[in-house]
Amino acid sequence: MNTTHTQPCILLADDEAILLRTSEQLLTFLGYEVVTAANGHEALDMFFRNPDRFDLVMVDDQMPYVTGKEVCRKIHELQPEQKLLLCSGHAAEDKPAAGEPPKLTKPYTIGELVHILQNLLETT
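Take 56 as the starting number for the sequence shown in the working numbering and just add one per residue.
Keep in mind the hints are simulated off the structure, nothing from the lab.
There could be a bad hint or two in this list.
Here are the simulated SDA-like pairs of lysine to any residue, each with C-alpha atoms no more than 20 angstroms apart in a straight line [said to hold, decoys possible]:
| hint | residue 1 | residue 2 |
| --- | --- | --- |
| 1 | K161 | L82 |
| 2 | K129 | L99 |
| 3 | K129 | T91 |
| 4 | K161 | T83 |
| 5 | K161 | T178 |
| 6 | K129 | F103 |
| 7 | K129 | M101 |
| 8 | K161 | H145 |
| 9 | K161 | E136 |
| 10 | K161 | Q80 |
| 11 | K161 | V89 |
| 12 | K129 | D100 |
| 13 | K129 | A93 |
| 14 | K161 | P119 |
| 15 | K129 | L168 |
| 16 | K161 | A93 |
| 17 | K129 | V90 |
| 18 | K161 | F84 |
| 19 | K161 | L175 |
| 20 | K129 | D107 |
| 21 | K129 | H96 |
| 22 | K161 | D70 |
| 23 | K161 | T91 |
| 24 | K129 | N94 |
| 25 | K161 | L81 |
| 26 | K161 | F103 |
Produce the entire structure from the sequences given, and follow the hints as far as they go.
In structure tokens form, the structure reads like this:
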């Protein structure tokens, strides 16, 4: 967990550049420090180089090569306490299966994003 900054740090991964940039801007506006990754491989590399930096890992589920679910699974295997959020454009997948991280269905409202981030980051 991020212990050197006052604002929580989020690792954000999405393979769609426009969505990545828009989400980064929104999270920054909401007061978070944001580190971006353009795909699952990059997200895993960034996370495992400095796992204590990130308060939350927020990933798109539908990325090529390494999906968001795979990113979350690999992080959880080595750091089970890491807070994870899976974003999906598929409403039918809104409910996480047992053992999966919470899901946020895209498109989401600012209110929905704020609510889930507060819930995740306030729990220990």
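Hint by hint, here is what the structure shows:
1. The hinted pair formed by K161 and L82 meets the criterion: a straight-line CA distance of about 15 angstroms does not exceed 20 angstroms.
2. Taken as a hint, the K129 and L99 pair is honoured in the structure, with Cα atoms around 8 angstroms apart against an allowance of 20 angstroms.
3. A threshold of 20 angstroms between alpha carbons decides the hint, and for K129 with T91 the separation of about 18 angstroms falls inside it, so the pair holds.
4. For the proposed pair K161 and T83, the alpha carbon gap of about 18 angstroms is at most 20 angstroms, so the pair holds.
5. Of the supplied pair hints, the one linking K161 and T178 is violated, its CA atoms being roughly 23 angstroms apart against a limit of 20 angstroms.
6. For the hint pairing K129 with F103, the CA-to-CA distance comes to about 10 angstroms; that is within 20 angstroms, so the pair holds.
7. Proximity of K129 to M101 is assessed by CA-CA distance (about 13 angstroms); at most 20 angstroms being required, the pair is judged to hold.
8. Between K161 and H145 the alpha-carbon distance is near 8 angstroms, which keeps this suggested pair within the 20 angstroms criterion.
9. Straight-line distance between C-alpha atoms of K161 and E136 comes to about 25 angstroms, which puts the hinted pair past the 20 angstroms bound.
10. In summary, the hint linking K161 to Q80 is supported, as the alpha carbons are separated by about 16 angstroms, within the 20 angstroms threshold.
11. Among the hinted pairs, K161 with V89 is consistent with the structure: their alpha-carbon atoms are about 19 angstroms apart, no more than 20 angstroms.
12. Between the alpha carbons of K129 and D100 the distance comes to roughly 11 angstroms, so the proposed pair stays at or under 20 angstroms and holds.
13. For a cut-off of 20 angstroms, the pair hint linking K129 to A93 stands: about 17 angstroms separates their Cα positions.
14. With a CA separation close to 17 angstroms, the supplied pair K161 and P119 stays within the 20 angstroms bound.
15. Restraint check: the Cα-Cα separation between K129 and L168 comes to about 24 angstroms, which exceeds 20 angstroms; the hinted pair is violated.
16. In summary, the hint linking K161 to A93 is supported, as the alpha carbons are separated by about 17 angstroms, within the 20 angstroms threshold.
17. A distance of roughly 19 angstroms separates the Cα atoms of K129 and V90; the hinted pair therefore holds under the 20 angstroms criterion.
18. Taking the CA atoms of K161 and F84, the gap is near 19 angstroms; set against the 20 angstroms cutoff, the hint holds.
19. The straight-line distance between the Cα atoms of K161 and L175 is roughly 18 angstroms, inside the 20 angstroms bound, and the hint therefore holds.
20. The hinted pair formed by K129 and D107 meets the criterion: a straight-line CA distance of about 16 angstroms does not exceed 20 angstroms.
21. For a cut-off of 20 angstroms, the pair hint linking K129 to H96 stands: about 11 angstroms separates their Cα positions.
22. The hinted pair formed by K161 and D70 meets the criterion: a straight-line CA distance of about 14 angstroms does not exceed 20 angstroms.
23. Only pairs whose Cα atoms come within 20 angstroms are accepted, and K161 paired with T91 is accepted, the gap being roughly 18 angstroms.
24. A distance of roughly 14 angstroms separates the Cα atoms of K129 and N94; the hinted pair therefore holds under the 20 angstroms criterion.
25. For the hint pairing K161 with L81, the CA-to-CA distance comes to about 14 angstroms; that is within 20 angstroms, so the pair holds.
26. For the proposed pair K161 and F103, the alpha carbon gap of about 27 angstroms is over 20 angstroms, so the pair is violated.
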